[in-house]
Amino acid sequence: MSPLDGFSLSRWWSIILKEFLQLRRDRLTFAMIIGIPIVQLTLFGYAINTDPKHMPTAIIAADRSEMTRTMIATMKTSGYFDIVGELPDEEAGRAALARGEVQFVLNIPAGFTRSVLRGERPALLVEADATDPMATGMALASVNQLVGSVAAKDLTGPLAFLAGGQAPFEVRVHRLYNPEGITQYNIIPGLMGVILTMTMVLMTGLAITRERERGTMENLLAMPAKPIEVMTGKIVPYIAIGLIQSTIIILAARFAFRVPFAGSVVTLYLAVLLFVAANLTVGITMSSLAQSQLQAMQMTFFYFLPNILLSGFMFPFQGMPAWARFIGNLLPLTYFNRLTRGIFLKGNGWWDLWPNIWPLMVFTVVVMAIAVKFYRRTLD
Amino acid sequence: MSDEYAIDVRGLNKHFGDKHVVKDVSLQVRRGEILGFLGPNGSGKTTTIRMMCGLLKPDSGTGTCLGYDIRRDSAQIKRHVGYMTQKFSYWDDLTIRENLDFVARMYGMSDRLGAVDRTLKGLGLTERSNQMTGALSGGWKQRLALAACMLHNPELLLLDEPTAGVDPGARRDFWEELHRLSAAGISVLVSTHYMDEAERCHKLAYIAYGSLLAQGTSREVIAAQGLITWAIYGGNLAGLSETLQKMPGVEQTVLFGAMLHASGRDGDLLERSLRATAAGTVFRMEKVDTSLEDVFIYKMKESANRSGTGT
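Chains as they are written, first to last, in the numbering used here: chain L, 1 to 380; chain P, 1 to 311.
Hints may contain errors.
What the hints assert, rightly or not - A few chain L residues that face chain P, going by a derived Cβ cut-off under 10 angstroms, partial list only:
id, residue
1, Glu211
2, Thr216
3, Ala222
Please keep in mind that the hints were generated in silico from the structure rather than gathered at the bench. Quick caveat, the model's predicted, so the values are computed rather than measured. For glycine and all other residues, C-beta sits at the position ideal for the given N, C-alpha and C.
So that you can see chain L by itself, here it is in the shape it has in the complex (with noise of 0.2 angstroms):
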């Protein structure tokens, strides 16, 4: 017997219909429909970009001269280098890339160019934080061919001998934190906030939904149960949880993939339970709006797709364009993704990485009362 035998056009016809009313009706399934293809494009688009321009660059100038100024105004016309700043020494150069403030730093050294005019062919530095292997990798690869456009420029008339053969001057690179640009160093501490983001939010937004799905929520409040003893002894599994998860992943980091790890265990624990409950009250105030649990999982893979996307993750932060950066700086997974990176790679302490734990907090006590509002209302 044919499968078609009996084929009803018309009955075929009004299953099609039903299945477009209900999808109309479903609102959230609709918005997701129209939505994610948009915040798609729009990330893909114009946010991401795999050639990262405009990157933090400071200058320690024990040198200056009108060589150093082209050299200087020709890094900034490449349009890989944003100058931010001066910064007296070394170390303070050090602090800056350890923090993050800046992706790069030039060293200019004392007697640059009267080294130059005599052809001793001296260096400049260039210090990279290099934890990201793409964010780093082109800007470098310019440095070098931007020597011969200084020489051109500035070393002309009885100068002009210097530009000849070979160049007058060379730039020499360190790339720190992860010096052979290799990425599963950047990815492995990366994935961890990636993978809680998921597992947090998903299964506290499920768990308290799934009570008020089957109707056993109604159960529960009518015992003797309070509801902050529901929800926080609801929560507290999937604490322990995200730090099995962490393990997991610090344990592979270590011993699979060989990814160095400079900081202290410690305070990288402190800083998972820190974003473990940042993802915790987005998942108890996804779990206060979604009806159903489908629409917990709707929610949370809209929430997730900007995270994965514009936290740095995959991507490098600063070469986004502004709009994007702010949306990221909104996200605790940006600012996770800079502390696993820092403990792992560049061993920040508590110092160098207090400028990403206190948005994690104000994130966290701010959807907290978010999630307290909605809360209240969904118990009357």
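Since chain L is already given, all that's left is putting chain P on it; use the hints.
Just chain P now, with coordinates in the frame of chain L:
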């Protein structure tokens, strides 16, 4: 006052958005009494029950439940009341024993394991105690739910349509159990759609469109309406019903399978209309006691006409 009544609430009101779902409901249940809570779907029964056990705060109105204030003492009420939700609301993915054990823990019972074992034995589920609850049939789930909400020895049971979808045998057993509990001094408020169950209650309360329309024993409720009812047999009763509805004095006709009930408050006018219609036909008729169902259908239509929400 709090000694005499298990439930004593006055002037309860509740709005959901701009919908006024419970209007000025006052209700009393004496200790050890079974009160049947009746009314059509969406009439506000569940909302009223939820307000009594502290799950919802009334917009206005006062009252006590076991002597505890329903606004302030919801924690105490929850401790001493057993509430069985309309939908089975225990965890399908826990075993029967795990469910009972969880409930016992929630009430902080001192002899937890003993209480669970006794309940399992009472249910006859000791052998199946490690089965998943989701695998139980509807009747068993209902028995389990009742046992679970009895676990902490409550003084008052609030049962929201406990027998919906349960077979007649299981329903009879269930009601026998309720009467045993009532005899032991436990008060019960039970909502139902079944008239035979309503007849088994000590008192009845009838609610429609959020308003309490009648309260008392079934005899009182019927008498208060003052309806005279005739039963008619034989022939095409559906056709007869339509004809009768246009006759003077016939205020209501209700078809019960092979029998038609025609009711009205003016007995003489009703009888004349019926005799005129049935004369020379196959129909036989006799005067009968007005049933609860006649009264409730009458009340529902009456309040629908008044509130303009009915058809």
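Hint check:
1. For L/Glu211, the interface hint holds, the least distance from its beta-carbon to any beta-carbon of chain P being 9 angstroms, beneath 10 angstroms.
2. The restraint placing L/Thr216 at the interface with chain P holds, with a minimum CB-CB distance near 5 angstroms, inside the 10 angstroms limit.
3. At its closest, the beta carbon of L/Ala222 sits 4 angstroms from a beta carbon of chain P; the interface hint therefore holds under the 10 angstroms criterion.
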